[in-house]
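In case you want the letters, here they are:
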Amino acid sequence: MNPFDGRDPREAWRAYDPDAHFPWDRRRATRLLRRAGLGPTIAEIDVAVKAGPSETVRTLLETSEPAPLVTELKDVTAAALATNDAKNLAASWLLRMIRTPAQATELLTLFWHGHFATSAAKVTDPRMMLHQHDQFRRFAFGPFDELTRTMARDPAMLIYLDSATNRRTRPNENFAREVMELFCLGLGNYAERDIQELARCFTGWEVHQGAFRFYAAQHDRGEKEFLGRRGAFDGDEGIRIVLDQPAAARFIARKLVRLYVCDEPEPPDAFIQPLADELRQGDWNLKPVVRRILTSRLLLTDPLADRKIQSPVQLAVSWIRALDVRLSTQQLNTDLASIGQGLFFPPNVKGWPGGRTWLNSATIVGRANVLSRIAREAAQRSGAGNLASLAGRQGWESHDEVVSGFASLLLAKPLDEADRRQARQRLESGPADRSQRIADMLQVFALLPEVNLA
Amino acid sequence: MSNVLHRRHVLSVATCSALATLVPRAPQFLIETAAAAELSASARNDNLLVVVQLSGGNDGLNMIVPRDRDEYIRARPTLAQTPGTLLKLNDELGLHPSLGGLASLWESQVLSIVQGVGYPNPNRSHFESFDIWHTAQRDTSLRSTGWLGRWSDMTGARETSDPLAIHVGGESQPLALAAHDSAASSFRSLDDLRLKGSRALEDRSAIAERLGAAPLPTDDFSRFLRATTVSALSTSRRVEAVVGDRSTSAKYPGSELARRLQIVAQLIEAGLSTRVYYVCQDGYDTHSKQAAAHAALLSDLGGALQAFHADLAQRGQDKRVAVMVFSEFGRRVRENASQGTDHGAAAPLLLVGGRVRAGVVGTHPSLTDLDDGDLKHQVDFRQIYATLLDEWLGCDAARVLGKSYDKLPVLA
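Each protein sequence line maps, in turn, to chains A and B. Sequential numbering of the first sequence, starting at 1, is according to our numbering. Sequential numbering of the second sequence, starting at 455, is according to our numbering.
So here's chain A without its partners, still in its complex pose:
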């Protein structure tokens, strides 16, 4: 039975209003920030607790990067680009994820990278990858139709889908197929014939000397017929026809629910339709829908929303931001690639499937190793930055307070009694340095099944 059965969609998406049963406390504020971005800093949690849920979401949707940070990141990105290695671009992106206050934008940038997945393994010019990446940030909150039209002209995308040359006599079906299957509609909402006809709309859309060009002589100007429409459509009109399908808005809304709320089970259409309607009414702008999801009772009060596994990037960045760790993001990128999420190197055009597929023996061991490294780095920071001073500033004095404090900061669920006992033992004995003992305790967290929950 689908646990969504028996729940009322209107009730689920109704805005959460704090009450005695579901108070707006640190735990709930942390949940909201963990889902809306890549994981909050302690300061961000403090602000959210005071501000309340709707003001917190408003801030999340409106925050942009301060000018000095923009300048600094621009320099870092330029330096990365100069190495001509997309892995360094990934490292500079991780730095931005850690440093930026515009967390909601950054999470959506990552989301679009997985949605319009393109890999530097095939697109060997990092400038193209960066150009595409900039579009994802620019259109993070939509409009989705414009983002799709941009991707149809994106050199990295066209090269990735073998459409760098696309001739009238032999239209390349690859991009058209993915527009239907992976970008806009999903399986079951079109026929093979629709793909072939849409492919004709994109003929002559090519990459020439590293840039998009419309090669008019190779464009098929004949009449096409697909998805119930007939006419001499070009690529933009083709995309419009696809996005006019009712399935399109549901497809995107469904992916957003998966991004923010839960990996499984699949919500029935009744839960998706209100969000889909909002997307269409807002001309494919995401903000109204994202606001609705982030303020919803479903996300903030329903145990169904516990069913979400953190991506490797979110897991690592959330620990780094929460513990205020400084580390090499080049090494971090290598580690993240080894546990299944190498930025700029998605596994295939479907992106990262996420959910349960994040976890297997190697990635669970690998995740624990990444987290224990972050904990050790945090312990080694000197002075005010180390873990003992962090605990001190929060007023966590006793062993129990330290265990609970770090658990609520880093874990989505409270510890059970046996886990708590083991964690406390790490504080009671071990290295003389208190920060080191806290790091040992964090390494216990890193091995618990629950550490992987979002």
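Please note that the accuracy of each hint is not assured.
[To be verified] Footprint (simulated), chain A over chain B, 3 or more residues, beta carbon under 8 Å:
no.: 1; region: 519–527
no.: 2; region: 569–582
no.: 3; region: 618–626
no.: 4; region: 639–645
no.: 5; region: 650–663
no.: 6; region: 791–798
It is worth saying that the hints were derived from the structure and are not from the lab. Quick caveat, the model's predicted, so the values are computed rather than measured. In this text, a Cβ means the ideal position worked out from N, Cα and C, and glycines have one as well.
Let chain A serve as the given structure and place chain B on it in line with the hints.
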């Protein structure tokens, strides 16, 4: 759960309880070592299956090439293999010239080629077609488990903590291995399973023991999280304990596929009770400039399979291992404008092993009687699954596959 309680289950359970009785608080590792020692002797008799997945849609037509030249050359003006370079299998068929490794397996009579494998109403989406192969289900609502995952669920409770199936590779775990009650392991190298925390080994034992003893969570999501963590912690402990320096003198080529198969050979030699291993070779989606890319892939494939078989033979393990090589679909008969080929349908499937019945099953699909430009299938892939499940892994294939399929003469 299996109704048959194997003799070795009884034995090892008895060994464990005897130890537990004699030493009321026998350390966990001692119990496990005793069980493992008993097991590694008997586990060596079980048949093992190694699945090699060619991801992206292998051009089967250029792999096992028909000698019916006219149609082939018409359809493949730039990609047709010239007759003189083919490695001859018989009067009708030749192997792609880069498949020297496979040719030598053919010579050794350990290779079976099943022609024209597919399924009705072929789907040309990579993901959809993989899902069909992995789950053996057309109905999308029934796709939560894979065929090997269901086999693993039926094979049932284990006396050691070794996972029933191991996937070696960096990509996501194939859906074929998804199970309800157990979790297959995935890793790229043995080093991936080494915990590096300062007190990680103590922590691992404590947590693994606690998770193992606690009651199972009631909801399926928490159960998955628990099972996967337990499987990770115990595989990590087991692999550290059993894989010493046991490498043979077998020479493997430098390819990634060869590296993965070499790890599989090491794990088999180490005596894990794992029965299914899964590896992938990616890159077969050759829409443009196929010739060089495909030749390189096939060369890696043939070389890796040959080295793996030779290694197993040297370790005396080749008779208990069957390798199945498949791809989610073949490619269109007619090449495209970019000197490549687009997504197609039926393709050959390979089996390799010391107890595989060598030869060719079926005839090459017709190049003129096509299904929307693609080769028609003669063999349903589920017939091969049924054969392997029933005759090789020893379980009730119809229970795994939902119905009975005609088996094929591929095992000796």
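Hints, one by one, checked against the model:
1. 519–527: Not satisfied, violated; 0 residues make the cut.
2. 569–582: holds (count 5)
3. 618–626: Our answer is that it holds, as 4 residues pass the Cβ test (under 8 Å) against chain A, meeting three.
4. 639–645: holds (count 4)
5. 650–663: It holds, with 9 qualifying residues against the three required.
6. 791–798: holds (count 4)
The structure is inconsistent with hint 1 alone, although it conforms to all the rest.
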